[in-house]
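A.B. asks: The primary structure of each chain is shown beneath.
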Amino acid sequence: MLVLALLAALFLLAPILIVVPMSFSTAISFQFPPPAYWLGYYRKFFTSEEWLEPALNSLIIAVGAMALTMLLVVPAAFGYVRYRFRGKSMVNLLIMSPLIVPHVVSALAYYGFLGRAKLTGTLPGVIIAHGVLAVPVAFLVITATLKGFDRNLERAAMSAGAGPLRTFVHVTLPVLRPGMLVGALFAFLSSFNEAVVALFIAGRGAATLPKKMYESIRLESDPVIAVVSTLLVSAVVLGVLLSVFARRRPSMRLDT
Amino acid sequence: MAGRLRRNAAAWLLLGPSCLALVLLFVVPIAYVLLLSVTDPRLTLAHYQRIFTVPLYTRVLVNTFLTSLIVTTACLLIGYPVAYVMARRSGWISTLLLTIVAMSFWTGFLVRTYAWLVILGSKGPIAGAYQALGLGKAPQLLFTTFASTLGMTHILLPYMILALFAIMKKIDVNHLKAAASLGARPGAAFREVFLPLSLPGVVNGSLLVFVSCLGFFVTPVLLGTPRDMMISQLINQQIDELLAWGFAAAVAVVLLAATGVVIAVYNRFAGLDRLWG
Chain Y
1 MLVLALLAAL FLLAPILIVV PMSFSTAISF QFPPPAYWLG YYRKFFTSEE WLEPALNSLI
61 IAVGAMALTM LLVVPAAFGY VRYRFRGKSM VNLLIMSPLI VPHVVSALAY YGFLGRAKLT
121 GTLPGVIIAH GVLAVPVAFL VITATLKGFD RNLERAAMSA GAGPLRTFVH VTLPVLRPGM
181 LVGALFAFLS SFNEAVVALF IAGRGAATLP KKMYESIRLE SDPVIAVVST LLVSAVVLGV
241 LLSVFARRRP SMRLDT
Chain P
1 MAGRLRRNAA AWLLLGPSCL ALVLLFVVPI AYVLLLSVTD PRLTLAHYQR IFTVPLYTRV
61 LVNTFLTSLI VTTACLLIGY PVAYVMARRS GWISTLLLTI VAMSFWTGFL VRTYAWLVIL
121 GSKGPIAGAY QALGLGKAPQ LLFTTFASTL GMTHILLPYM ILALFAIMKK IDVNHLKAAA
181 SLGARPGAAF REVFLPLSLP GVVNGSLLVF VSCLGFFVTP VLLGTPRDMM ISQLINQQID
241 ELLAWGFAAA VAVVLLAATG VVIAVYNRFA GLDRLWG
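Chains Y and P supply the protein sequences, listed in that same order. One point on numbering: in the working numbering, the residue at position 47 of the first sequence is 47, and numbering is uninterrupted. One point on numbering: in the working numbering, the residue at position 123 of the second sequence is 123, and numbering is uninterrupted.
For reference, chain Y alone in the conformation it holds in the complex (with noise of 0.2 Å):
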């Protein structure tokens, strides 16, 4: 078992490394191992419109869709996991349905939609489109956080005379900021990430790093390609091994 896992570990990690000596290369065409190394292609994408460009927007959408995300689920969370009402499981298919329906279908319907809203190819629609998209993973780790939550924190500062609002903001705010800043964190990384519908709906107004990635390996092999992907699996990396080593919390990033 062991060392089928260690290999399955090599096949999981060995591709996602092979882009850093990639981004290094002088080649023009995806040629391994590299003929020599350089960093034109490093300069390449810091001084480009054409990659900068989307690089931006990914950041800006992410953040747009990040707030809309968390907007629509961290009232809905203290609704769902502390009250009992009619037609719960109701909610909560409607909450995880853009978990359950296949990106493209997604795609296909925001395509239609935003189109007649005139919002293809703005940041707006895509903000709107990722931000619905990351509402079920959002809402699995803040309900998740809420429901290890001890109320009894709560009656605490209440019974020592503190009001709702302030009970609110000073006991249970700060309780559950860490579920929260995760859930939030998802719904970024869910954005950032997403290809399907920004392949769809961004168009040349609001075209996402993703979508510029697809296209350049479609349309005309730019190397600098592995840049864009050596940045993005530093940052990666640099995020996991924080998690794991300075906080040796592994599994709150993971299977909350």
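Just so you know, these hints were derived from the structure itself, not from any lab. The beta-carbon is built from N, C-alpha and C at its ideal position, and this holds for glycine as well. Don't take each hint at face value.
Unchecked claim - With beta-carbon atoms standing in for the labels, derived distance ranges: (1) P/Gly136 - Y/Pro33: 17 to 27 Å; (2) Y/Ile100 - P/Thr53: 27 to 37 Å; (3) P/Trp12 - Y/Ile100: 15 to 25 Å; (4) Y/Gly163 - P/Phe65: 52 to 62 Å; (5) Y/Leu185 - P/Trp12: 26 to 36 Å; (6) Y/Val81 - P/Phe65: 34 to 44 Å; (7) P/Lys170 - Y/Ala14: 50 to 60 Å; (8) P/Leu69 - Y/Leu181: 13 to 23 Å; (9) P/Leu69 - Y/Leu153: 42 to 52 Å; (10) P/Leu133 - Y/Ala27: 16 to 26 Å; (11) Y/Ile100 - P/Ile171: 23 to 33 Å.
Got chain Y sorted already, so can you dock chain P onto it with the hints?
C.D. replies: Same frame as chain Y, but now just chain P:
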């Protein structure tokens, strides 16, 4: 009674706006697709008839289904040992594996698809190894069904591992100790005790991977061949190249229905809460 009503009101005050927004911004667009599939260009069921009778399209359906089955099986076979070691061992090996799985999980689809493009390409390491070993020219790997299946397996593997791991780490070690103390050899203890207890994870992971695979788009387009089209490629082609809204919508509805059936079956036997819980 009044108290209950007030509680209900509070719940809906919190949930209402979000639910309304989800209906407007998600259910309505999806319903619009359903509507288009029977009304574009006029009221008709012809699109559905075409999907299930024209061999070109039935082949896409069959191919999507088979590919998803193969990818799911491959993910299960490769992922099970990883999750097993992660759950049963403590210390650095478990941490190492978890770190690798997490990295893979968070790396975007496009980065990983690009990586396979390099590895399988005609100037890639495999082609290079062929030449170095004097085996002549490597077979065409890229833009084949093999490449797209491999790419999808690689991308969906972390989901399978995490689903398996979530169940396996809850298995009580004492069950295995009890089996051993009753004289079961390690192999038998695994077969008779651990494997059955891990089955819910197998079901969860398989559902997750299978359903994701049914609607997979980016990787088959970039690594595969148009001859072995997946459903989502068909949808994109109909919209992108032909602007055939009605037909594309009908294909999307078929995909949605297939996904719905798989999930409904799962819900019937296992309950959806357990997948998300």
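A.B. asks: Can you give the numbers of the hints that this structure goes against, from lowest to highest?
C.D. replies: 7, 8
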